[in-house]
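Colleague: Chains as they are written, first to last, in this note's numbering: chain W, 1 to 399; chain L, 1 to 341.
No lab work stands behind these hints, which were simulated from the structure alone.
Certain hints may be false.
[What the hints assert, rightly or not] Partner residues aside, some chain W positions facing chain L, computed with beta carbon under 10 angstroms:
| no. | residue |
| --- | --- |
| 1 | T34 |
| 2 | D37 |
| 3 | P119 |
| 4 | A389 |
All values derive from a computational prediction rather than experimental measurement.
Virtual Cβ for every residue (Gly too), placed ideally from N, Cα, C.
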Amino acid sequence: MVITGAGIITAFGNGWKLNAAGFRQGRIALKPVTLFDVSRQRVKIAGEMSLPESLPETRLTAPQQKRLDRASRLLILAAHEAWKQSGWEPTDNLPVVLGTTSGGMALGEAFYRQAISAPHSHRSQPTRVVHYQAQSQALALADAFGFHGPLTLIANACASGANAIGHAWELVRSGAAQRVLTGGYDALCQLVFAGFDSLQALSPTQCRPFDARRDGLALGEGAAVLTLETLDSAQERCAEILAEIVGYGSALDTHHLTQPNPQGDAALAAMTAATQSAGLSPSQIDYINAHGTGTPMNDIAEANAINRWAGARAATLPVSSTKSSIGHLLGAAGAVETLICLMVLREQWLPPTSTLQEPDPACNFPVVQKPTGAEVEYALTNSFGFGGANASLILRRWS
Amino acid sequence: MSRIFVHGCGAVSPAGWGVGPMRKALEENAALPIKPLPRPGWTKPLNIRQVTPPSPRPDFMTHARLRRTSPISQHVVGAALEALGPDAQRVSKGELRLGIMLCVMSGCVNYSRRFYDEVLREPATASPLVFPETVFNAPASHIGALLGTPAMNYTMVGDPGTFLQGVALAAQWLSAGQVDACLVIGAEEADWLTSEAYYIFSRQVVLGDGAGALYLKKDIADGALAELRAITDCHLYLQNQNRTKAAARARSQLPGCQPDHLLADGLQGLPRLDGPEAAAWRDWNASRISPKRILGEGLMAASAWQCVAAVAALAEKKYAAANVSVVGCNQQAIGAHFAAT
Numbered sequence: 001m002v003i004t005g006a007g008i009i010t011a012f013g014n015g016w017k018l019n020a021a022g023f024r025q026g027r028i029a030l031k032p033v034t035l036f037d038v039s040r041q042r043v044k045i046a047g048e049m050s051l052p053e054s055l056p057e058t059r060l061t062a063p064q065q066k067r068l069d070r071a072s073r074l075l076i077l078a079a080h081e082a083w084k085q086s087g088w089e090p091t092d093n094l095p096v097v098l099g100t101t102s103g104g105m106a107l108g109e110a111f112y113r114q115a116i117s118a119p120h121s122h123r124s125q126p127t128r129v130v131h132y133q134a135q136s137q138a139l140a141l142a143d144a145f146g147f148h149g150p151l152t153l154i155a156n157a158c159a160s161g162a163n164a165i166g167h168a169w170e171l172v173r174s175g176a177a178q179r180v181l182t183g184g185y186d187a188l189c190q191l192v193f194a195g196f197d198s199l200q201a202l203s204p205t206q207c208r209p210f211d212a213r214r215d216g217l218a219l220g221e222g223a224a225v226l227t228l229e230t231l232d233s234a235q236e237r238c239a240e241i242l243a244e245i246v247g248y249g250s251a252l253d254t255h256h257l258t259q260p261n262p263q264g265d266a267a268l269a270a271m272t273a274a275t276q277s278a279g280l281s282p283s284q285i286d287y288i289n290a291h292g293t294g295t296p297m298n299d300i301a302e303a304n305a306i307n308r309w310a311g312a313r314a315a316t317l318p319v320s321s322t323k324s325s326i327g328h329l330l331g332a333a334g335a336v337e338t339l340i341c342l343m344v345l346r347e348q349w350l351p352p353t354s355t356l357q358e359p360d361p362a363c364n365f366p367v368v369q370k371p372t373g374a375e376v377e378y379a380l381t382n383s384f385g386f387g388g389a390n391a392s393l394i395l396r397r398w399s
Numbered sequence: 001m002s003r004i005f006v007h008g009c010g011a012v013s014p015a016g017w018g019v020g021p022m023r024k025a026l027e028e029n030a031a032l033p034i035k036p037l038p039r040p041g042w043t044k045p046l047n048i049r050q051v052t053p054p055s056p057r058p059d060f061m062t063h064a065r066l067r068r069t070s071p072i073s074q075h076v077v078g079a080a081l082e083a084l085g086p087d088a089q090r091v092s093k094g095e096l097r098l099g100i101m102l103c104v105m106s107g108c109v110n111y112s113r114r115f116y117d118e119v120l121r122e123p124a125t126a127s128p129l130v131f132p133e134t135v136f137n138a139p140a141s142h143i144g145a146l147l148g149t150p151a152m153n154y155t156m157v158g159d160p161g162t163f164l165q166g167v168a169l170a171a172q173w174l175s176a177g178q179v180d181a182c183l184v185i186g187a188e189e190a191d192w193l194t195s196e197a198y199y200i201f202s203r204q205v206v207l208g209d210g211a212g213a214l215y216l217k218k219d220i221a222d223g224a225l226a227e228l229r230a231i232t233d234c235h236l237y238l239q240n241q242n243r244t245k246a247a248a249r250a251r252s253q254l255p256g257c258q259p260d261h262l263l264a265d266g267l268q269g270l271p272r273l274d275g276p277e278a279a280a281w282r283d284w285n286a287s288r289i290s291p292k293r294i295l296g297e298g299l300m301a302a303s304a305w306q307c308v309a310a311v312a313a314l315a316e317k318k319y320a321a322a323n324v325s326v327v328g329c330n331q332q333a334i335g336a337h338f339a340a341t
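Bound-form chain W, shown alone:
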């Protein structure tokens, strides 16, 4: 199961180059939120991105393009990069598996505001009703690139993107599909931003994953899309192979709706299942892109899980969280972080958690703090979400 195309858009910008440069250097792309009113929120920054003024050429008609919401635009921009790189052609049977937490929620918010402020006006409301739903974004994607196929939309909170890629991988591995377009996307919206702020999960200072004095996360937005296919299919087309996906594990944490089991039991189960499905041992993993939100509870649970899973290997296993740079992308996080692992494997560097000042002593592993070159054969990425959705993916360098 190989990756032949990859597209990414985050607060660093649109495309591999800009993002690779940002992650490699550990730059911080968080800035004041302008998309909605944050004047009465505790926290006022996020990984908001500046969208390009126009979309690349696709099969979408002008009216279709005009109706696209922010989330759809993010998705189509990332998919365009992946699609071009893969060399795939329009087809009648291409499964799509995407992860998202809120689809086009900003449109849902606009619907509600108008419903309250002008209860008898239905102006623009029908469009909002249709386009806030995640299936509208996925259908726009299918129309944009001219394919038919089942659309599977996984909404497992912040593990959605990783679960989507894992499910796509299972489809290819089981022989149910030869090729799958997969990834995750989410756009910033007021309801979710205010929700995390209400939980006091947003950092009022700076997002510092695995820091002893960490005080919360930062939110962000973006999308990442991968084209995944069998090795035979890729080689038949003489496609450039970017990397392999070799393992996937998923587990449910039943401890609490929003708090992980402090010992990281489900995270451990997901990582163990991923290594087992890859036929690997933790000693063979060269880098972990952690979920690492920067909240006190997530990071201690994840640190405990990594310590338990890696055992003695933990002492030399580099770990970092890229959420310090672009924020937590929720439904897109797992997909974006899989793509960051792909960059690590292709370019052989480790992305730093550059905001880290004082590593939490609970971390038995080194947290990458500075831009570093490294030899990486296998990379693992973790994603954990509200509701206890836990997922881990393992990628292998293609050589």
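Given chain W, put chain L in place with the hints provided.
Modeller: What follows is chain L alone, placed relative to chain W:
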């Protein structure tokens, strides 16, 4: 190739809590009464067919996770526990790896509206207890926690056809040996916001809420209610394929009409909305049930009710096989075929 069997089903609907009340309402074939649903800012209420709280209150509602949930989680748990029956104990004891597949379209809209309203008024006092319940996968998390199962647990979103995608995905999990058994649940909760969203498109649509659940196992025919024989491809609504064409294609992938077969369709009795599905099944002259006509437009719950009604009829040996047709509102047409065991 594994064979997939339905070993249980559960339902929560405007007819009541359980498959029994739902079946009775369908047999009586009379649309359930409509209730007024106040809409802030309007003098005239919207119309709704809503689940009424269960009486007596089931034990599961006292579980710590379920005390402050919105109705959708209660619907999910009610339908899931009925479908599982005594196997719920085996799951809790860790004897059975149970996969959970929840399918929703609107999801936890009640709490989402409430929370966003609080945000617009004063974000500093918006409730941190309400926000987590707005997440699509909250109900799936609650049922997983209630049963104490750490196994595969996905929430899928989409139009009502997604329920049959969920059934197909559960069958894949079972075939691949990722789980020993799997619950597939379709659920919704009513709210004026969703009702108004439909009212904009058709003033005659009456939303309903609730849940339906199928409990699946592979290769165990003993004690099964029915066998899942096929799920069609997903026929999407795209630039070059409208709802009518998609419905016809889904229909063409299901077995033809036989006198001892049943069709559980998604017709509501509204010609403009029903058109594509009615046309696709025009030639069906055997038995037919249309749960939405009786229970309301339950979105994802409705496609689950269709499956539950079909399976329950097969379990009573009234038919040899049943087709389920779901022509979703804005994504896809899809169908399923079940057979008596």
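Colleague: It remains to establish, for every hint, whether it holds in the given structure.
Modeller: Now for the hints, and whether the structure bears them out:
{"no.": "1", "hint": "T34", "in the structure": "violated, 17 angstroms"}
{"no.": "2", "hint": "D37", "in the structure": "holds, 9 angstroms"}
{"no.": "3", "hint": "P119", "in the structure": "holds, 3 angstroms"}
{"no.": "4", "hint": "A389", "in the structure": "holds, 6 angstroms"}
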